[in-house]
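**Student:** Listed below are the residues making up each chain.
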Amino acid sequence: DVKVTQSSRYLVKRTGEKVFLECVQDMDHENMFWYRQDPGLGLRLIYFSYDVKMKEKGDIPEGYSVSREKKERFSLILESASTNQTSMYLCASREQGPNTEAFFGQGTRLTVV
Amino acid sequence: AQSVAQPEDQVNVAEGNPLTVKCTYSVSGNPYLFWYVQYPNRGLQFLLKYITGDNLVKGSYGFEAEFNKSQTSFHLKKPSALVSDSALYFCAVRPFGGGYNKLIFGAGTRLAVHP
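Quick note, the sequences are listed as chains D and F, same order. Following my numbering, the numbering of the first sequence begins with 3 at its first residue and continues without gaps. Following my numbering, the numbering of the second sequence begins with 4 at its first residue and continues without gaps.
It should be emphasised that the hints constitute simulated quantities derived from the structure, not laboratory data. Values in this document were obtained by computation on a predicted structure and should not be read as measured data. Each residue gets a CB set at the ideal place from its N, CA and C atoms; glycine is no exception. There could be a bad hint or two in this list.
Stated by the list, open to error - Listed next, the in silico BS3-like pairs over lysine-lysine satisfying Cα-Cα at most 25 angstroms (straight line): (1) D:Lys72 to D:Lys57; (2) D:Lys72 to D:Lys55; (3) F:Lys52 to D:Lys5; (4) F:Lys80 to F:Lys61; (5) F:Lys80 to F:Lys25; (6) F:Lys105 to D:Lys72; (7) F:Lys105 to D:Lys59; (8) D:Lys73 to D:Lys20; (9) F:Lys105 to D:Lys55; (10) F:Lys61 to F:Lys72; (11) D:Lys20 to D:Lys72; (12) D:Lys73 to F:Lys105; (13) F:Lys105 to D:Lys57; (14) F:Lys52 to F:Lys80; (15) F:Lys105 to D:Lys5; (16) D:Lys5 to F:Lys61; (17) F:Lys52 to F:Lys72; (18) D:Lys73 to D:Lys55.
As the list claims (entries may be wrong) - Stretch by stretch, here's where chain F covers chain D in the computed footprint (C-beta under 8 angstroms, at least three residues): (19) 42–50; (20) 98–107.
Chain D extracted, bound-state conformation (with noise of 0.2 angstroms):
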């Protein structure tokens, strides 16, 4: 089975932090993604790398950065936390290709106090 594993389901952070979610696969994918979910809003692409060192934005990438020094790890950083930054975060991955489906990890609930 593959397994993407995001290193904290609940992170609490103060307002102007600087804030780190780890995510890592284990079925060497070359695509590797974050997203935000947000009631009514559904799944909004932050950011996503299909290589490593590699990296695109996606739609709604203002406020963050992502690094992938490793294939198997991608990062997402928050620069200086904000709460309209509160939400949760799925990380992804999937094989190179078109008609490949994407696997997600469990979900980090960031809340920015």
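Once you have looked at the hints, place chain F on chain D.
**Tutor:** Same frame as chain D, but now just chain F:
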């Protein structure tokens, strides 16, 4: 603009009855279509996908979906609902062609199956 619509925020069904969760899309070209399910406090799980061929696609847990090109729809169905099917369901579309990494999600439909 490319988009996915799930017109119902919530669908209520009695256990044993058939269920339908609706999805329509607006993308250029021939899309790849997906359904995912999310149980409480969990990530999304893949249910099924349409790539090409037969318009009726069968997936996990007895779910199926029907692709209708003329109506640009991809409705999720199940002949007999279970209480354990209660969850949040997402339709997603990947446009064919350039930028295929992009997966566009609908807002989600909450399915409540009552005993």
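**Student:** Determine for every hint whether it applies to the structure shown.
**Tutor:** Hint check:
no. : hint                : verdict
1   : D:Lys72 to D:Lys57  : holds (13 angstroms)
2   : D:Lys72 to D:Lys55  : holds (8 angstroms)
3   : F:Lys52 to D:Lys5   : holds (20 angstroms)
4   : F:Lys80 to F:Lys61  : holds (10 angstroms)
5   : F:Lys80 to F:Lys25  : holds (9 angstroms)
6   : F:Lys105 to D:Lys72 : holds (22 angstroms)
7   : F:Lys105 to D:Lys59 : holds (11 angstroms)
8   : D:Lys73 to D:Lys20  : holds (23 angstroms)
9   : F:Lys105 to D:Lys55 : holds (19 angstroms)
10  : F:Lys61 to F:Lys72  : holds (17 angstroms)
11  : D:Lys20 to D:Lys72  : holds (21 angstroms)
12  : D:Lys73 to F:Lys105 : holds (19 angstroms)
13  : F:Lys105 to D:Lys57 : holds (13 angstroms)
14  : F:Lys52 to F:Lys80  : holds (13 angstroms)
15  : F:Lys105 to D:Lys5  : holds (21 angstroms)
16  : D:Lys5 to F:Lys61   : holds (23 angstroms)
17  : F:Lys52 to F:Lys72  : holds (15 angstroms)
18  : D:Lys73 to D:Lys55  : holds (9 angstroms)
19  : 42–50               : holds (count 7)
20  : 98–107              : holds (count 7)
Taken one by one, the earlier hints all hold for this structure without exception.
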